[in-house]
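Trainee: Take a look at the letters that make up each chain.
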Amino acid sequence: MAKQIKYGRYLHGGDYNPEQWLDRPDILQKDIEYFKKAHINTVSVGIFSWAVLEPEEGKYNFDWLEEIINNLYKEGIHTILATPSGARPKWMADKYEEVLRMDPDRTRRFFGGRHNHCFTSPVYREKVHAIDKKLAERFGKHPAVMLWHISNEFGGECHCPLCQAKFREWLKEKYGTIENLNKRWCTTFWSHIYNSFDQIESPSTKGENELHALKLDWKRFVTDQTIDFIKNEVDAIREGGSELPVTANLMYDYDGLDYKKFKDVLDIVSWDNYPGWHKKEEYVTAVDVAMQHDLMRSIKKAPFLLMESCPSATNWKPINKLKKPGMLLAGSLQAVAHGSDSVLYFQLRQSQGASEKFHGAVIDHYGKDDTRVFREVTEVGEVLEQIQETVGTTMRSQAAVLYDRENDWAIADVQGPRNVDMHYRENVQKNYRALREQGLNVDIIAMEHDLAGYKVLAAPMAYMFRDGYEEKLRTYVENGGTLVLSYWSGLVDGTDKCFLDGTPYGLMDVTGIRSAEIDALYDWEENHAIPEKGSHLGISNVYTCKNLCELVEVSDAEVLMRYGEDFYQGYPVLTHKTFGKGHVYYVCADMELGFYQDFYGRVAAEAGLKSQVEFIPEGVSVTVRESDDTEYLFIQNYARKPQTVAVPAEYELLYGTESEVMAPLQTRILKKRK
Amino acid sequence: MAKQIKYGRYLHGGDYNPEQWLDRPDILQKDIEYFKKAHINTVSVGIFSWAVLEPEEGKYNFDWLEEIINNLYKEGIHTILATPSGARPKWMADKYEEVLRMDPDRTRRFFGGRHNHCFTSPVYREKVHAIDKKLAERFGKHPAVMLWHISNEFGGECHCPLCQAKFREWLKEKYGTIENLNKRWCTTFWSHIYNSFDQIESPSTKGENELHALKLDWKRFVTDQTIDFIKNEVDAIREGGSELPVTANLMYDYDGLDYKKFKDVLDIVSWDNYPGWHKKEEYVTAVDVAMQHDLMRSIKKAPFLLMESCPSATNWKPINKLKKPGMLLAGSLQAVAHGSDSVLYFQLRQSQGASEKFHGAVIDHYGKDDTRVFREVTEVGEVLEQIQETVGTTMRSQAAVLYDRENDWAIADVQGPRNVDMHYRENVQKNYRALREQGLNVDIIAMEHDLAGYKVLAAPMAYMFRDGYEEKLRTYVENGGTLVLSYWSGLVDGTDKCFLDGTPYGLMDVTGIRSAEIDALYDWEENHAIPEKGSHLGISNVYTCKNLCELVEVSDAEVLMRYGEDFYQGYPVLTHKTFGKGHVYYVCADMELGFYQDFYGRVAAEAGLKSQVEFIPEGVSVTVRESDDTEYLFIQNYARKPQTVAVPAEYELLYGTESEVMAPLQTRILKKRK
Amino acid sequence: MAKQIKYGRYLHGGDYNPEQWLDRPDILQKDIEYFKKAHINTVSVGIFSWAVLEPEEGKYNFDWLEEIINNLYKEGIHTILATPSGARPKWMADKYEEVLRMDPDRTRRFFGGRHNHCFTSPVYREKVHAIDKKLAERFGKHPAVMLWHISNEFGGECHCPLCQAKFREWLKEKYGTIENLNKRWCTTFWSHIYNSFDQIESPSTKGENELHALKLDWKRFVTDQTIDFIKNEVDAIREGGSELPVTANLMYDYDGLDYKKFKDVLDIVSWDNYPGWHKKEEYVTAVDVAMQHDLMRSIKKAPFLLMESCPSATNWKPINKLKKPGMLLAGSLQAVAHGSDSVLYFQLRQSQGASEKFHGAVIDHYGKDDTRVFREVTEVGEVLEQIQETVGTTMRSQAAVLYDRENDWAIADVQGPRNVDMHYRENVQKNYRALREQGLNVDIIAMEHDLAGYKVLAAPMAYMFRDGYEEKLRTYVENGGTLVLSYWSGLVDGTDKCFLDGTPYGLMDVTGIRSAEIDALYDWEENHAIPEKGSHLGISNVYTCKNLCELVEVSDAEVLMRYGEDFYQGYPVLTHKTFGKGHVYYVCADMELGFYQDFYGRVAAEAGLKSQVEFIPEGVSVTVRESDDTEYLFIQNYARKPQTVAVPAEYELLYGTESEVMAPLQTRILKKRK
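Chains as they are written, first to last, in full-length UniProt numbering: chain A, 1 to 674; chain B, 1 to 674; chain C, 1 to 674.
All the given hints hold, so there is nothing to weed out.
Below, in silico cross-link-like pairs of lysine to aspartate or glutamate (EDC-like), each with a Cα-Cα straight-line distance of 20 Å or less:
#1 A:K280 <-> C:E526
#2 B:K317 <-> A:D523
#3 B:K324 <-> A:D566
#4 C:K280 <-> B:E565
#5 B:K206 <-> C:E98
#6 B:K280 <-> A:E526
#7 B:K183 <-> C:D23
#8 C:K317 <-> B:D421
#9 C:K174 <-> C:D493
Hints are computed from structural coordinates only; laboratory data are not their basis.
Given the structure is predicted, the values throughout are model-derived calculations rather than measurements.
The shape of chain A in the complex, shown without the other chains (with noise of 0.2 Å):
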């Protein structure tokens, strides 16, 4: 079904706004000798440009963008073509007032920024279909247009009576009977027993909004219904008689969709990343972004797309500081290290104007090619025709953290031990960072991602196990993998029912364990996990845990660590059993970083896990991208300090110094056959 994604060569350029530039052919020819110049072979173009396309409701004025497209093609450089949906026309929001979103206090949004149409009206649909449709069929078989880019940063939601409606429909279809819904959503609990479907309202500060069940499946119904929305542009492309790929630009761990479920809708996943370098340690920022490409990658286990980076500073943050000579580079082989197939920047030229004029920008208000930034555009550019033949390779990994939309829903909206924060994203990316610091490849996964392949899981605060996820684990155990479950996991079902007779739900055996109770501590207080001598691990040092602390019963497991304090000293904070072909380690309290990195230093070598680098020195990041003969070691290094980095001899340089010696925020690639 998914399309072929393969061009031969990285995709460099990024979002183009030519409609700013209607009255400028001067701007616009100056353009195409920039891009030229900065080795740009790639333009996201029609973003936002519905108001220019049609200017007046049915009359579409395409001749424009068809002139762009040829000029630029004309140069060598190719389109990705986006759909305009991402900002209605105001004659349009006039005219048709709902296909403007209603907020959760059922008020309507007025027209204004972007984002913020209804994503079941049908009217906007069906207005989005008849330009998408037109745009493919004039558009869709031009030899310069590559890709459709499906709209804009989806998110957001939309509580208006026509969303209402389907979000009753859609839960019809879920539950079967109003019956079966009260016992799932447990609406007994405060007389909130629902007669009908009609009775349902979407959650909100003014009505519902501690029915958890309810919450989490209105989440589930945004992000259904956005791909139902996505599904009626491809639709609308694929009656345009255009054949092309389609992708949809996602965003850096957001939450307001679950994008494990775009996975059909899209043919190649492509995301926008914007990092905050430059704070005190650059390596934590560089881990952050890591785990981001490595989730988007394994949406599809595919190369991605980076669809937007910026080339200078952002305008949006609170401080926007500028790119440090170099960080471009860097940031940019980061994203190729971890699978992309493209560098990609919003934006290629500074709008004038409106919100985002100060975003940084190949070429900026200036307008001139002799920049820092423009120079260092086009050295990016160059290093991509360099390390061209790695376009396209794939990564495999043999370790995976799960992270899990659904259930990190689940944990946020959860009233339990912590509310301030339960530290989930820091507990999921200690578990990551602490396994890529081993040199390994590591998937970032969801609950229905396959764990054939796998020899180390880590499934921290695995609170919800939707559709029997302890069978998925128990099995994954039995054969021979290495699982890593943690305190917070399996106490509820997919709808946040809680599970009975013992916890974690479906593993006690597994696991040897039962969790008794769970201990929340103050920001001010600690707890300590001392080392069990002889344990089979060797782990001997101690460690500091924090914030939630679980009391469990040991039924049947070796015992590696215990609490150094409170009521629960002695309890056990670290329990160890082989079950079936597998081991299983049960982590009890929220434990600091130093703890996850001896630990999996161990549990990798238990499970037979190995870098191509022997030695990681601290702050460096090691990848593997391979072909189907060749295999590319990516390794850069992101500490304040040069760090030497021994590889095997029998690698070949690819890109970089010869010297093993790297320089801060330097990459070095290197090949040898397989």
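Put chains B and C on the given structure of chain A with help from the hints.
Mentor: Chains B and C only, in chain A's frame:
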């Protein structure tokens, strides 16, 4: 009028929601088995059961409830029966919109949550009346049922047209003419003069939000309307033929209602106690809770019920810590030591879903009795049986602290010297704590309370002198009482209108001083109170004052301490005067706790107040309950270390260790014949 | 056009609300007695009196007012008469809903508070016109009445349909065609193109909130509509036959209106001054207030009135401190030293109720004259009589600081390098303070102000060059002026549209530099400015820079300081160029105060500016007022310690001690014949 509440044993048990488990008879059966094991003799049922009791309009379904009550009763367990008005069914909200509240912006809330009904709506009152009457008819004479639990945790307000109309009636009744209201409210300011009562609107941040008298009267109206709502419920119960006593569960320091006015509508006061134990100093929390117990007891000056408390961790605080071993027993006995005749929990069995599913319970999702919590609950039940002779005994206090809700409202709303925080509550608590540390029972009273019987009365920041309170204080002192008045006292009358001609109003001759100015200090500022050599109390330490420093002119008073800094260096901080047979002290500044501890030690001695325990170590609490012939001494140690508490030989041990060395969280109960 | 305002004496007195005491003739009588005792010669009456002046629609009741005015006049006290439009009566809001404002969410506010009328409503304008005219007819020629006080503290905005329509008219007049508006506003961005003026809506967080040009024009419209509202009031007064001058009381640094546009509608500027004295450094507050006085004086470059100030503590700040002894006099004389011809208070007598009842007053609730405040007010009255010859004298400044409200709006709304805070105001104040510390009178001006006469002009962060401001600056320098321009200057035109081809726009040749990039620093970051050896100014210290660091390319300028760190180490921080007969300095970074103090000392000397006082110790303020033949030197000491200020022998003492050693808060006034 008030019903006699004498059960002959401590009530032990709590909230129980069997309607959530009607499809699990095995669980309902297990519950009874466990209740008996844990010495549970009382359950509260029917809270939030309306949707099950009346699933469709006019179709009542009470059979399941009768069966539950019968099954429990067979095993010796009594029932507190709730009226279901705390949350209405969805069908009612859908059919009769008026049952839902309006926010101050005059928009109506949607269905959701709980406790959000309009207190005025005739429809809602009628529906509540109907089901309450039906419940009374069916269960009002059932031998198992011992008490009515009216609705749940009353609170909140409604700004709908029905409430507006009722508010205008209330005002008309209070003020008679609009001219009188204008005069009392000072509406000439900012041209707010009303031509008729019809023009008055409830306060709102979208409208009038600075007319203090309006806001104050609105709060009073909300209390009165809530009480009127309760009366409607009680009437229904009486019409249904039940003569059982009624209660309503009040909340910790809740400032939305004036609880003193609940005195007559309730036969017995009960409240829900959820302290945040295990912060840095356990004792600080203990004092805070003690003051609430004393406040609740003082409403009717009679034993009260602890209606809810958590057997383990709550789930709605920012950080929900486990109760450490021994805390449940200590906290339960603290309630008893301050006058409770019960220890009841929320909840007996955890619900499987919805917002409170992780709130601690006697029986948790695991569902067995081999848990730490279950063992500790059982211990509480055993101890309550052991000290059964103390149930129903009363408390006498010779010291009282004025903590008046209307005064609190007025101070909180005042635009005065410190709008960030006037620190009224902290001031009250410092007075309370220092008095309690003399080993005295202390009442927490409002301006309406009779002052006869008190030897020492602390009236800190008595800003509002309502209904001639100055005369009450004058008489109290004349008759021999010791009054401790402070800065920010006697400034306004009951409509927040300033007294002219000098303050503290009506007491300038009694105190011998006039308040001339008041200085507000920045948070980083402080002043000091320097003792005057040879003052009759003999205070010799220097104490810090912060926040507010009043400058008084002395006409006829002894100056005991003077300011040490600023332009008012040398002005009085503490004055004293004998008046009639009594003493008046005037504290000019917000003094540190140490001052009050020193000061009240001397004042109590002067007033002839003496504790049963000669020396009370830090962190130790002493109270006395008494029957006609016996005095019971309750001693608890909330210090972090063991403390030795010597008790006169005539006391004999009823509960606790023989040794006078008390471990942390330990309780000893002793008795002697009067 | 502007009325001559010469009263021959300082106005001393303030806001007076006798309508609150009409039932207390004894108090009204007492007031006059006290006023005379305190040397009060002027009262402001009628502010917020509408409900008393017109208790029912069309029924006017002015007799009481006439009696008050007459009684005061008999005792030599004049009246400033207010129009009552600051708060309308309840009957009007009830009958004509349109007089109430709509919030940005298009919901109407309810009656309440004050200052919340629609500025467009024809009904409201008509009602205001009617009562103003009646007042003018009755009192416009009364010998006691000297000045009209239009409404009160204008501010706020309304989003009702009437205002929307008026806004569209305003835009049409400004832009002519919708095409022109689209082009100037850059509406192509995000598809915001308007097809007609009818489609435009005011900014709202529920709608359009990121189109900067729309938001900027909306703010301009609000100012213009407010002025139009004032004109309606003035017209009514004139139609009523009064030719007395008019004023409106402005507010401290109020950013809701552009006060420079009030220049023509007011005959004299007045403002309400409520400093938060007695923070850690008195002098910092003094500088802050001084800048406001200078800003108000600069609007018309003429004496102004201090319309309100507090004789004691305010009641609306978070912490309302008492004024320490001497502060009232010092603060009052500070206003005079900066060009005020009055010292007026809010309020003469405290109101007995409502929100401002605890605001300080000359006569408080106690009601007698034996108070500290009354004594200090009396002293102010005495001193004003002593220095009567200085009243009406003017001020000349040879230095000015650009602080432009439209520029401020644009910077505050920008999405640029630092969205947390661009620190514009602090930057302006650092320039102002350093110039003032040279002992110079300083004007605070907008871009419209004429630059002739200034020798030094500081234009920090002149982001927006409106209406060819670059030409004005060029001419100013060419003619011999010294311009200090800074980073973040000359980026956009008057519609917030970016200039192309390099910035500071139009001044790259004048400054000899081009701004290439701008770096934002985290709050914990800093860089340093290192002096270049042998620069012509001779700066030799290293200074810290924070927040924003611009990177400039030098084409033709002397570099005086360079960055000490980061990748732009060695780039210029301070440059200089002579251009025509003048000098241009360009400051690239947000420098610490010490830099400006050092820098302006050298720049003032270079520009030939010299204070009357040779050496000005820390914390001392010097200003000069002058008449045709005499120069008056005002010296105040805001340091915490005594300072010695040597004054040339030709000055003779008008007020203050003979000694040149000035105690804290002391003032000396000296004079010399020109």
